[in-house]
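**Student:** Residue strings, one per chain:
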Amino acid sequence: GAVVSQHPSWVICKSGTSVKIECRSLDFQATTMFWYRQFPKQSLMLMATSNEGSKATYEQGVEKDKFLINHASLTLSTLTVTSAHPEDSSFYICSARVPGQRNTEAFFGQGTRLTVV
Amino acid sequence: SQQGEEDPQALSIQEGENATMNCSYKTSINNLQWYRQNSGRGLVHLILIRSNEREKHSGRLRVTLDTSKKSSSLLITASRAADTASYFCARFTGGGNKLTFGTGTQLKVEL
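Just so you know, the protein sequences line up as chains A and B, in that order.
Per my numbering, the first sequence starts with residue 1484, numbered consecutively.
Per my numbering, the second sequence starts with residue 103, numbered consecutively.
In case anyone wonders, no lab produced these hints; they're calculated from the structure.
Each residue gets a CB set at the ideal place from its N, CA and C atoms; glycine is no exception.
Possibly wrong hints are sitting among the right ones.
[To be verified] Straight line, CA to CA, 30 Å or less: simulated DSSO-like cross-link-like pairs of lysine-lysine:
| id | chain 1 | residue 1 | chain 2 | residue 2 |
| --- | --- | --- | --- | --- |
| 1 | A | K1503 | A | K1524 |
| 2 | B | K158 | B | K171 |
| 3 | B | K172 | A | K1524 |
| 4 | A | K1538 | B | K200 |
[Claimed, not checked] What follows is a list of derived Cβ distance ranges for each label pair:
| id | chain 1 | residue 1 | chain 2 | residue 2 | range |
| --- | --- | --- | --- | --- | --- |
| 5 | B | N199 | A | K1549 | 15 to 25 Å |
| 6 | B | P110 | A | T1598 | 35 to 45 Å |
| 7 | A | S1501 | B | Q111 | 29 to 39 Å |
| 8 | B | R162 | A | S1501 | 37 to 47 Å |
| 9 | A | S1501 | B | N120 | 45 to 55 Å |
[Claimed, not checked] Take a look, some chain B residues computed to stay more than 10 Å from chain A by CB distance:
| id | residue |
| --- | --- |
| 10 | K128 |
| 11 | S175 |
| 12 | A180 |
| 13 | K200 |
| 14 | V211 |
Just chain A, same shape as in the assembly (with noise of 0.2 Å):
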């Protein structure tokens, strides 16, 4: 199957700095990628649809100014969770599907663990 890459798979950070995560799709391009969010022993909750060479679209209660996605390659989503505070502590994954082919298997990255102190 596809593989999907996203690192770092855990990253620690003090309250008030920003912090990137990165999602490459390895072996194939895509114009669309999912960030989740997952809270200990809970289910994933979509954050937003990252859209490559134009704007993200946010789920209802997802901070777009907190969260700001940028999909600039065919290849790579990033997520930012600016000015981190400690309640931005989660599991982040990104997913993607192979494009052209809807309501199939998507792809998950490995996820990352924010920690914010």
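Starting from the known structure of chain A, fit chain B onto it as the hints suggest.
**Tutor:** Relative to chain A, chain B alone:
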């Protein structure tokens, strides 16, 4: 919320036993998918069942789908300790573009 419900929330069994997880959803679907997540890791796709299918097998996995009841079940036969993970059902919403996950079942298989 469009999130599906899964039960049980947690399941603990002995190695060799079968594990059954159930998923219910509210909207119509083209297909329903099951994913596995090991602790602190990303998700791995297990199986996809289309809306016109009632049952599907993949190795030790068996998935059923009842569109009239808007429910699906995942059966893992002859479980192994390595099957310990969280299992999520998922379906597409937002016009077939967004993948929405159920609440998940945490499976623990003990030796």
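**Student:** Indicate, hint by hint, whether the structure satisfies it.
**Tutor:** Checked hints:
1. A:K1503 x A:K1524: holds (24 Å)
2. B:K158 x B:K171: Distance ~17 Å between K158 (chain B) and K171 (chain B) Cα, so the pair holds.
3. B:K172 x A:K1524: holds (24 Å)
4. A:K1538 x B:K200: Answer holds: K1538 (chain A) to K200 (chain B) is near 16 Å, not above 30 Å.
5. B:N199 x A:K1549: 15 to 25 Å: holds (23 Å)
6. B:P110 x A:T1598: 35 to 45 Å: Given about 30 Å between the Cβ atoms, the range is violated.
7. A:S1501 x B:Q111: 29 to 39 Å: Holds: the Cβ-Cβ distance is about 35 Å, inside 29 to 39 Å.
8. B:R162 x A:S1501: 37 to 47 Å: holds (44 Å)
9. A:S1501 x B:N120: 45 to 55 Å: Cβ of S1501 (chain A) to Cβ of N120 (chain B): about 47 Å, so the range 45 to 55 Å holds.
10. K128: holds (15 Å)
11. S175: The assertion about S175 (chain B) holds, with a minimum of 18 Å to chain A.
12. A180: holds (25 Å)
13. K200: At roughly 6 Å from the nearest Cβ of chain A, K200 (chain B) sits no farther out than 10 Å, so the non-interface label is violated.
14. V211: Given a closest Cβ separation of 18 Å, the condition holds.
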